[in-house]
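Protein sequences appear in the order of chains A and B. Using the working numbering, the final residue of the first sequence is 206, and nothing's skipped along the way. Using the working numbering, the final residue of the second sequence is 1154, and nothing's skipped along the way.
Think of the hints as simulated: they come from the structure by calculation, not from any bench. Just so we're clear, the structure is a prediction, and the values are computed from it rather than from any experiment. No false leads were slipped in.
Over the 12 Å line for every Cβ pair with chain B, so calculated as not near, a few chain A residues:
#, residue
1, Pro154
2, Pro162
3, Asp176
On the chain B side, residues computed to face chain A include the following (Cβ under 10 Å):
#, residue
4, Val1043
5, Pro1048
6, Tyr1071
7, Tyr1075
8, Lys1077
9, Gly1082
10, Phe1085
11, Ser1088
12, Ala1130
13, Ser1132
14, Gly1145
15, Lys1146
16, Gly1147
For every residue, glycine included, the Cβ atom is placed at its ideal position computed from N, Cα and C.
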Amino acid sequence: ETGVTQSPTHLIKTRGQQVTLRCSSQSGHNTVSWYQQALGQGPQFIFQYYREEENGRGNFPPRFSGLQFPNYSSELNVNALELDDSALYLCASSLGPGQYYGYTFGSGTRLTVV
Amino acid sequence: DQQVKQNSPSLSVQEGRISILNCDYTNSMFDYFLWYKKYPAEGPTFLISISSIKDKNEDGRFTVFLNKSAKHLSLHIVPSQPGDSAVYFCAASASTGGSQGNLIFGKGTKLSVKP
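For reference, chain B alone in the conformation it holds in the complex (with noise of 0.2 Å):
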């Protein structure tokens, strides 16, 4: 049972667009969630953060929002750059109830930015 949901496998944005990537939840225990991006032959680097204390993080180009009641979140790229074509992947932790160190990860979002 998938309790971080990526739902689009891939998404495909013109350059200088937006690019929105999707996150669902089912864990009402999460608190707290990260976005990682993956190059090939690269392990995952991260990107942006948020706790479920807030509904909006910026950094730079990224935004990431959280709607609780909903239990997504979503990650916004804007402008988008080829150098962003990249795998990303929604992460998910529970600071209580859980061990340590469990990031629970969904099965990533290829996006492609195209020239």
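For reference, chain A alone in the conformation it holds in the complex (with noise of 0.2 Å):
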């Protein structure tokens, strides 16, 4: 049983660019939640996607969107990048929206936007 794989593990970018980031959930997940993780703080929940749709937001701006495919992999897309959303990013899947026992993170992107 493979875990969450996120990809890249770190990557630079510079402001005003876009950035996306990859996500593969865990076999036999549906759903996957995306959170940002500012340094010294806890995860900050962006979005979540359930069977290839949104399922419920944050509270982060449309410039943050996202996608699901058909076999549950994910994407998160940052258009218009900030200096402030230099951040970990974390992935994380489950069987099913809410089942919140059941998350398995990935290790997360960290992303630096200079």
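Take the two lone chains and join them into the complex the hints point to.
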């Protein structure tokens, strides 16, 4: 049973650029949630995808968008990058929405915006 | 405005003793609480949870206590082991009135267990 894989592990982008982060969910999981963890903070909910549809969204602007594919993998896209977008981005997959105890987190993508 | 607060950024405990990690929340709609453990360069892993209909849940060395009137929960680790050294996050959710999958996390407490 494979876990959650995120790519890339690290990247550096310039302010104003766009970035795409990828997440492969654990086998059998149909729900993916994305979180942003700024330095010294806890993870903050961005949005969740369930069966290829957005199933909930946190307090993030529309320049944060996502996709989920038929194989349940997911992408997080961020447009017009700002310095404050520098953070660890975590993806978590689960058997369904609300299955918090069954969340499997990836190791994250460390994004640095300069 | 932080809805989940972990007021101790760090905690140091001797091996074999009890570790007590605390968490306070402000939103009375929260009805499910979880603790996650995070090692460096890894994602958080689920540790233990508790529903608001209970006041205690045990799993081996880990026990979570919930005091709804005080809006406070705590994680007890007995006995503490060096491998428990990690950052512990408290998280909460509401089954109504919020979006699905929306776990609210605290800032974490870094636990160091010294041999």
